[in-house]
Amino acid sequence: MKKALILLLTATLIAGCNKDDKNTVAAPPADPALVTPAPELLAQLKLAPLSTQPVAETLRVAGRIDFDEQRLARIGATITGRVTDIDALLGQEVKKGEVLARLNSSELSTQQLAYLRARAQLELNRRNAERAKSLFEADVIGAAELQRRQSEFQISVAETRAASDQLQLLGVTPASIERLGQHGAVNSLTPVVSTLNGHVVERKLAQGQVVQPADALFVVADLSRLWAVAQVPEQQVSQVKVGQSVSIEVPALGNEKLVGKLIYVGQTINPETRTVLVRTELDNRDGRLKPAMLASMLIEARAIERQVVPASAVVRENDEDHVFVAQGDGAFLLTKVKLAPEQGGQRVVLSGLKGDEKLVVDGAFHLNNERNRKAMEGS
6 MKKALILLLT
16 ATLIAGCNKD
26 DKNTVAAPPA
36 DPALVTPAPE
46 LLAQLKLAPL
56 STQPVAETLR
66 VAGRIDFDEQ
76 RLARIGATIT
86 GRVTDIDALL
96 GQEVKKGEVL
106 ARLNSSELST
116 QQLAYLRARA
126 QLELNRRNAE
136 RAKSLFEADV
146 IGAAELQRRQ
156 SEFQISVAET
166 RAASDQLQLL
176 GVTPASIERL
186 GQHGAVNSLT
196 PVVSTLNGHV
206 VERKLAQGQV
216 VQPADALFVV
226 ADLSRLWAVA
236 QVPEQQVSQV
246 KVGQSVSIEV
256 PALGNEKLVG
266 KLIYVGQTIN
276 PETRTVLVRT
286 ELDNRDGRLK
296 PAMLASMLIE
306 ARAIERQVVP
316 ASAVVRENDE
326 DHVFVAQGDG
336 AFLLTKVKLA
346 PEQGGQRVVL
356 SGLKGDEKLV
366 VDGAFHLNNE
376 RNRKAMEGS
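For the sequence shown, the working numbering begins at 6 and goes up steadily by one.
Read the hints as simulated data drawn from the structure, not as lab findings. Please note: incorrect hints may appear among the correct ones.
Said to hold, decoys possible - Computed list of lysine to aspartate or glutamate pairs in EDC-like fashion (alpha-carbon distance at most 20 Å, straight line): (1) 209 to 227; (2) 138 to 157; (3) 101 to 227; (4) 266 to 74; (5) 262 to 291; (6) 209 to 45; (7) 266 to 288; (8) 359 to 382; (9) 341 to 324; (10) 100 to 112; (11) 100 to 227; (12) 209 to 220; (13) 100 to 73; (14) 101 to 62; (15) 101 to 74; (16) 51 to 324; (17) 51 to 334; (18) 379 to 45; (19) 266 to 112.
Predicted model only: the values in this text are computed from it and were never measured.
With the hints as extra help, turn the sequences into a complete structure.
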């Protein structure tokens with residue numbers, strides 16, 4: 006009987022212990038991103054609300070160095086002819102009026118002969134008109150004959166002027182035309198001359214080649230000023246305008262930054278690339294830039310209001326950006342954010358914050374160390 010009583014008491018105690026275990030609820034694990042600093046550290050922290058400020062984004066677009074088309078000349082023949090001499094080499098520096106090549110043209114000879122005939126007829130009709138005037142005054146011929154000879158003289162004047170104009174269209178200078186009229190020496194050679202100071206950047210002719218007026222034989226460019234051109238995507242074209250400051254990085258120059266301003270923003274969109282052409286002008290008197298060099302154009306776009314956080318508020322955790330958001334009661338939550346690169350000590354918020362948060366802007370690094378320490382102690 007005594008033994009049974011002992012067994013009953015033991016069973017009752019075990020049952021009571023099992024009941025207590027069932028009623029006990031395990032405490033939830035602490036949030037590893039939440040930290041409540043000690044009062045000493047809390048006093049060192051500086052808090053500030055999330056702010057906004059005007060931010061000018063920098064657009065980076067691929068481009069190239071190009072000729073200044075206002076300092077570029079495509080030079081061709083003024084007449085059909087055969088190339089007899091080539092005086093200019095590719096890359097050679099030339100002056101305005103300098104002879105680049107010479108052509109032999111039968112058309113030029115024909116036109117010179119026509120001018121000489123017109124000039125001879127003009128002199129003949131001039132003398133006839135003067136003689137007719139004297140005869141009319143002596144009452145030898147009538148008024149009709151005088152008018153006929155004067156009319157022939159006026160027609161000869163017009164024909165001579167037209168022949169002279171035709172020679173000038175073929176590239177013959179007025180001085181050469183005057184010498185032709187005085188000496189009568191027909192010259193079938195005509196020069197191809199440069200129309201500006203610069204360098205020969207293209208040469209498209211060979212000895213003995215027959216060329217036409219439509220052919221571009223030389224391209225001469227003044228390389229003292231060049232263009233940097235780029236294509237801006239249509240989604241970003243509203244952020245660029247003439248006069249904006251730009252920086253140009255040229256890999257061939259070690260990505261040295263050249264500063265300029267936009268001088269042109271295209272008015273049409275390329276339907277194939279969906280881009281708009283922009284252009285800036287660069288000084289190249291030192292000759293370091295070469296047309297067709299690759300370049301990157303950094304355009305400082307129009308400033309717009311953006312949410313920003315100070316760079317001092319950002320901590321790196323697991324290769325991601327975070328900030329500490331105040332939760333009240335002295336607690337702070339490590340919050341992951343997506344930020345733009347730093348500009349002037351500020352970073353634009355791309356995502357992760359609503360806009361009404363209060364952040365730790367000074368002391369975030371020490372606060373994160375405290376959070377990590379407590380997490381290690383808890384583990």
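Query - 20 Å Cα cutoff - pair residue 100, residue 112 - result: violated, 28 Å
Report task. With a cut-off of 20 Å on the C-alpha distance, tell me whether residue 101 and residue 62 pass. Result -> Roughly 45 Å separates the two Cα atoms, so the pair is violated.
Query - Hint consistency between residue 209 and residue 227 [alpha-carbon to alpha-carbon, up to 20 Å] - result: Within the cut-off at roughly 18 Å; holds.
Query raised in the report: Is the Cα-Cα distance between residue 379 and residue 45 20 Å or less?
Result: Measuring from Cα to Cα gives roughly 16 Å; hence the hint holds.
Query raised in the report: If you draw a straight line from the CA of residue 51 to the CA of residue 324, is it 20 Å or shorter?
Result: Not OK: residue 51 and residue 324 at ~24 Å, beyond 20 Å, violated.
**Report entry** Given pair status - residue 227, residue 100, alpha carbons within 20 Å
**Finding:** holds, 10 Å
Query raised in the report: Are the Cα positions of residue 101 and residue 227 separated by 20 Å at most?
Result: The hint holds at about 11 Å.
**Report entry** Holds or violated: residue 341 to residue 324, with C-alpha atoms at most 20 Å apart
**Finding:** With Cα atoms ~11 Å apart, residue 341 and residue 324 stay inside 20 Å; holds.
**Report entry** Holds or violated: residue 101 to residue 74, with C-alpha atoms at most 20 Å apart
**Finding:** Holds, because 17 Å separates the two Cα atoms, which is no more than 20 Å.
Query raised in the report: Are the Cα positions of residue 266 and residue 288 separated by 20 Å at most?
Result: holds, 12 Å
Requested in this report: Would you check the hint for residue 266 and residue 112, treating anything up to 20 Å between C-alpha atoms as holding?
Outcome: Not satisfied, since the Cα-Cα distance of roughly 50 Å exceeds 20 Å.
**Report entry** Given pair status - residue 382, residue 359, alpha carbons within 20 Å
**Finding:** Violated, at roughly 32 Å.
Against the hints set out earlier in the document, violations occur for numbers 6, 8, 10, 14, 16, 19.
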